[in-house]
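S.K.: Line order of the protein sequences matches chains V and H. First residue of the first sequence? That's 1 in the numbering used here, and the numbers climb one at a time after it. First residue of the second sequence? That's 1001 in the numbering used here, and the numbers climb one at a time after it.
Honestly, I wouldn't trust all of these hints.
[As the list claims (entries may be wrong)] Facing chain V, a subset of chain H residues (Cβ under 10 Å, in silico):
(1) Ile1003
(2) Gln1006
(3) Phe1078
(4) Arg1079
(5) Ser1101
(6) Asp1103
(7) Val1132
(8) Glu1146
(9) Lys1189
(10) Phe1379
(11) Val1382
(12) Leu1384
(13) Ile1393
(14) Val1396
(15) Asn1397
[Unchecked claim] Which stretches of chain V does chain H cover? Using the computed rule of at least three CB atoms under 8 Å from a CB of chain H, they are:
(16) 122-128
(17) 184-191
[Unchecked claim] Computed far set for chain V versus chain H, every beta-carbon distance over 10 Å:
(18) Tyr104
(19) Thr235
(20) Lys365
(21) Phe366
It should be emphasised that the hints constitute simulated quantities derived from the structure, not laboratory data. Ideal placement from N, C-alpha and C gives every residue a C-beta, glycine not left out.
There are 2 protein chains.
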Amino acid sequence: MNIEKQDRPRVVVIGGGFAGLNLAKRINTQKYQVVLIDKNNYHTFQPLLYQVASAGLEPDSIAYPLRKKFRRKKNIHFRIAEVTKVDTKVKTIETSIGPISYDYLVIASGAKTNFFGMKNVEQFSIPMKSLVESLNLRSRILEQFEDALNQDQVNEINKRLTFVIAGGGATGVELAGALAELKNKILPKDYPDLDIRKMQIHLVEGSDRLLASMSTKASEKAERFLKKLGINVWTSMRVEDYDGDIVRMKDGMDIPSKTLIWAAGVSANPIDGFQTDDFERDRFLVDGNCQLLHHEGVFAIGDVASFKPANEDRPLPMLASVAMQQGNYLAKYFNKNLNYKNFKYIDKGTMATIGRNKAVVDLKKFRFSGIFAWFVWMFVHVMLLVGYRNRVIVLVNWFWNYVSYNNGLRLIVRNSKEDPKSNEKRTNKKSVHL
Amino acid sequence: MNIEKQDRPRVVVIGGGFAGLNLAKRINTQKYQVVLIDKNNYHTFQPLLYQVASAGLEPDSIAYPLRKKFRRKKNIHFRIAEVTKVDTKVKTIETSIGPISYDYLVIASGAKTNFFGMKNVEQFSIPMKSLVESLNLRSRILEQFEDALNQDQVNEINKRLTFVIAGGGATGVELAGALAELKNKILPKDYPDLDIRKMQIHLVEGSDRLLASMSTKASEKAERFLKKLGINVWTSMRVEDYDGDIVRMKDGMDIPSKTLIWAAGVSANPIDGFQTDDFERDRFLVDGNCQLLHHEGVFAIGDVASFKPANEDRPLPMLASVAMQQGNYLAKYFNKNLNYKNFKYIDKGTMATIGRNKAVVDLKKFRFSGIFAWFVWMFVHVMLLVGYRNRVIVLVNWFWNYVSYNNGLRLIVRNSKEDPKSNEKRTNKKSVHL
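Assemble the whole structure, with the sequences as input and the hints as a guide.
M.R.: And the structure:
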């Protein structure tokens, strides 16, 4: 590490997601030297990953190079690295590019996909938590159609045209809707040699309703929208096993399918070097200032933090809006010389889109759905995107897709040497397919 | 292969590049059943690959899904496959998805990178002939800067900031210009911790001038433009060896560099199943109708064909414009029931861009350079792009980059598990980095 020590205190931020990015953007770099660490050189706008996976947007539109964000700011140093351990005694983090010392440490390392210990599911299903994973998913989906063309047996064709999505939260619902649009509007023209009616989309949710964190009205609407689009919705149902060919459900039902998309859960992504009593379910226990209970000068924000509002027993949910607000709060806390009131989360509402002209929105006082909700959803998401260029490109794409019923991004970019039919590929989570 | 035999003759086209795509677009599918084979599901607009590599455009803008092109056409079947062999006796091609029979065969398999037998160069340098390769190159270039930040030794820093481009044709010249723009306008702000003056770009050309296929005036202009941008131009020089760390030149000079970009040559990409006398330097010898000399009903067009105009000794050059015209011609030839005058190439001129406001254009009667040439270059390339959406997105990007001096696409999307510093990665040409 060649970052010169300055006479201002050094704040090391681990993670350039919503929490870390907002902190780094707003912290006063006249007062603090900031070192931002991420394993990628870009910030990912996770709420739109599903559109990358369903060929609606290109990856560059929903990712933003972190360096670009800080071009006009001094005393901020970005480095690509993996953090392996924190040593709070000597105030140093161990990373793949060497040790980095800190005066204050902010852990914003987010969450990772949770397979609940099901090794088979982990091996054969496809998660959609990162840009690379959503690009892999896009290629995998399109490959199923290409591959189906080369099959003689109807069962083999059906297996390739059946898509099972585990998890009926926003990610699962939005992805299911996007797949249904592909089925209804785009694929029949692309694949005249296939009977696209055979394409089946199953959405499996463990609890008794979709979008469990939203109102029951939103859940009902979402389910109705999805069924109208032809999706098989299975609430109070769980995926128990998957071997790459057959999805086994809790009640013993089998769904033959070559594609299980895993959107059924996340868990915090903590860092080594802490004790059991620092955590609650892998999330760092923090006080009202987002500071770790037992480590002064170490903070946690976003998904990796378990923040309990005063007089409440349940921590705040793992949501982008919580992460953003905590990032903004902590910047203010630092700028006020660590002397500022406690963090307070303001719930501005939640929303999910199901497809063309269809969305559900829960605000504090209003709940609505349909085309107006859809416009609200689009407006909010475009405004939240980082960078003007990304906003313009996303709007052009959305407008284009809306009027033409024909998104353009159906490229399968992957290693041509790899055999697309071998099962080996499935286990090799390392390979990147654009 | 599940393509039903129809009572119209079947034309099998190998390759969806400029030649194959234009043939498939224009052939009358009332008269012929067309089967188009490509190893990718998209057509690549190769002239703009260098802008993908230099982070100016996203891959989706210069690639076009082949299926989308044929949505409104009947009797045309696209399949992703690798062709391994042609058996002209039984009129069948062997592919990775099984045998396909034909009545007429059109080989349009293009060209591949030529390392002239230098194994070390092949192993350690980066070619830029496909979309995947240009994405790899983009990541590799950006990684050098990230990696340089972690170096203590000035020689190690310099080695990472030194880029050697072998080949002073249009690809090499355009890429060198784009790298110079990154150096001059974008990277100093992105990397305040690096001394970007240390970034050195070397362009190495074997013959005595750049753009050897253009006029000497264009060559001189291009060289002057490049030198003005700070590029080290080495004409009459050749790369002889490369070990991943040091580029060895013909005269014994060494350039320490972690990045050798190979744009120094291509050779035809023929297919097994033919005899030596079918070829000239790996290109299929064809008659005036683009038909193979010794195989009736088998045609070759584009880079893989050696077409000699009447009374000329040299075959037409490997150019996109030749490929497009031959594709169009052959469609007409088929549509006229194989009874039509010989193909005649119309040279509409050549052009190359060096950077912002700088290009050279050779027309039959006019030769010009500078800002007007640059606008002509942009206009022609946008018009040649396949698809309206691609044209709009490319124009938005170009306009954005022009006014903001700040292209947005600086993502390093690659497998995070891979060690970016290991040399193993370099030899693993199979891995795909977006």
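S.K.: Hint by hint, note whether the structure agrees.
M.R.: Hints versus structure:
1. Hint status for H/Ile1003: holds, given a least beta-carbon distance of 7 Å to chain V, under 10 Å.
2. This hint is violated: H/Gln1006 has a C-beta 13 Å from the nearest C-beta of chain V, more than the 10 Å allowed.
3. At its closest, the beta carbon of H/Phe1078 sits 9 Å from a beta carbon of chain V; the interface hint therefore holds under the 10 Å criterion.
4. A least Cβ separation of about 7 Å between H/Arg1079 and chain V falls short of the 10 Å threshold, and the interface hint therefore holds.
5. With 10 Å as the threshold, the beta carbon of H/Ser1101 stays out of range of chain V, its nearest partner Cβ sitting at about 16 Å, so the hint is violated.
6. Annotation: H/Asp1103 was flagged as interfacial toward chain V, and the flag is violated, the nearest CB pair being 19 Å apart, outside 10 Å.
7. Interface hint at H/Val1132: satisfied, since its Cβ lies 6 Å from the closest Cβ of chain V, which is below the 10 Å cut-off.
8. Below 10 Å, beta-carbon pairs count as interface contacts, and H/Glu1146 has one with chain V at about 5 Å; its hint therefore holds.
9. The beta carbon of H/Lys1189 comes within 4 Å of a beta carbon in chain V, closer than 10 Å, and the hint placing it at the interface holds.
10. Interface restraint check for H/Phe1379: the shortest CB-CB distance to chain V comes to about 20 Å, outside 10 Å, so the restraint is violated.
11. Interface hint status for H/Val1382: violated, as the beta-carbon distance to the closest one in chain V is roughly 15 Å, over 10 Å.
12. For H/Leu1384, the interface hint is violated, since its Cβ never comes within 10 Å of a Cβ in chain V; the closest pair sits about 17 Å apart.
13. This hint holds: H/Ile1393 has a C-beta 7 Å from the nearest C-beta of chain V, less than the 10 Å allowed.
14. The interface hint given for H/Val1396 holds, since its Cβ lies 6 Å from the closest Cβ of chain V, which is under the 10 Å cut-off.
15. With its C-beta approaching chain V no nearer than about 8 Å, H/Asn1397 sits inside the 10 Å limit, and its interface hint holds.
16. Here the segment 122-128 of chain V counts 0 residues with a CB under 8 Å from a CB of chain H, which misses the bar of 3, and the coverage is violated.
17. A stretch counts as covered by a chain when three or more of its residues have a beta carbon under 8 Å from one of that chain; for the segment 184-191 of chain V and chain H the count is 3, and the coverage holds.
18. Distance to chain H confirms V/Tyr104 as a non-interface residue, since its nearest Cβ pair spans about 21 Å, more than 10 Å.
19. At the 10 Å boundary, the C-beta of V/Thr235 stays outside the reach of chain H, the nearest C-beta of that chain being 35 Å off.
20. Against chain H, the non-interface label of V/Lys365 holds: every CB pair exceeds 10 Å, the least being about 38 Å.
21. Remark: the non-interface label on V/Phe366 is consistent with the geometry, its nearest Cβ contact in chain H lying 35 Å away (cut-off 10 Å).
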